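**Student:** Per this note's numbering, the sequence shown starts with residue 14, numbered consecutively.
Calculated directly from the structure, the hints in this document are not laboratory data.
Only a predicted model underlies this, so the values are computations on that prediction, with no experimental measurement involved.
Ideal Cβ placement from N, Cα and C applies to all residues, glycine included.
One or more hints might be untrue.
What the hints assert, rightly or not - Simulated restraints, written as ranges between beta carbons of each label pair: (1) Gly84 / Ser124: 35 to 43 Å; (2) Gly147 / Ser61: 31 to 39 Å; (3) Ile63 / Ile34: 21 to 29 Å; (4) Lys36 / Arg121: 33 to 41 Å; (5) Glu49 / Arg133: 18 to 26 Å; (6) Asn37 / Arg65: 35 to 43 Å; (7) Leu42 / Gln138: 36 to 44 Å; (8) Tyr60 / Arg137: 36 to 44 Å; (9) Ile63 / Arg121: 29 to 37 Å; (10) Ser58 / Asn37: 15 to 23 Å.
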Amino acid sequence: MLGRRTNQMSFADADGWWKDIPKNSIWHLIREWAGEHLRDEDFASWYSPIGRPSIPPSYVLTLTLLQFRQGWSDQQAVDEAHFDDRVKYALGVGRSPEITCDPTTLCRYRSRFLEEDLGRALLRQTLGEAQAAGLLGDSEDLIDSFMVAGA
14 MLGRRTNQMS
24 FADADGWWKD
34 IPKNSIWHLI
44 REWAGEHLRD
54 EDFASWYSPI
64 GRPSIPPSYV
74 LTLTLLQFRQ
84 GWSDQQAVDE
94 AHFDDRVKYA
104 LGVGRSPEIT
114 CDPTTLCRYR
124 SRFLEEDLGR
134 ALLRQTLGEA
144 QAAGLLGDSE
154 DLIDSFMVAG
164 A
């Protein structure tokens, strides 16, 4: 079942922590861009209409963009999403997020993006648009490679 991101606030957000994120920061730019360009509905064909809701694909794709930009491993990306308020803001979740994932989730989604035609097309389009918007940096090349933590 397709999970969808919500903008529901919680009591942990009552202090307005997100107001400290500068409007010209990469965290704000990624949040705004993802809100306009990444829609969970684009991935509806991947999911059964019944069952437990998935982690929203827009969340995983936004985290993947941050991962590309920052050069994080899967574990680092998950840790940053859990502990860093700037990353939570960019992901569009609250201080006590209702959405979390683990490194395996990032790996599985990435595999799905690369194995299926729809996934490859959406990933290519998303990364191209993000780079054109300056979210990945001007001098950074996109490569088909990820950091792997050794045993």
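**Student:** State for each hint whether it applies.
**Tutor:** Hints versus structure:
no.	hint	verdict
1	Gly84 / Ser124: 35 to 43 Å	violated, 20 Å
2	Gly147 / Ser61: 31 to 39 Å	holds, 37 Å
3	Ile63 / Ile34: 21 to 29 Å	violated, 38 Å
4	Lys36 / Arg121: 33 to 41 Å	holds, 34 Å
5	Glu49 / Arg133: 18 to 26 Å	holds, 22 Å
6	Asn37 / Arg65: 35 to 43 Å	holds, 39 Å
7	Leu42 / Gln138: 36 to 44 Å	violated, 18 Å
8	Tyr60 / Arg137: 36 to 44 Å	violated, 21 Å
9	Ile63 / Arg121: 29 to 37 Å	violated, 20 Å
10	Ser58 / Asn37: 15 to 23 Å	violated, 37 Å
In this structure, the hints that do not hold are numbers 1, 3, 7, 8, 9 and 10, in rising order.
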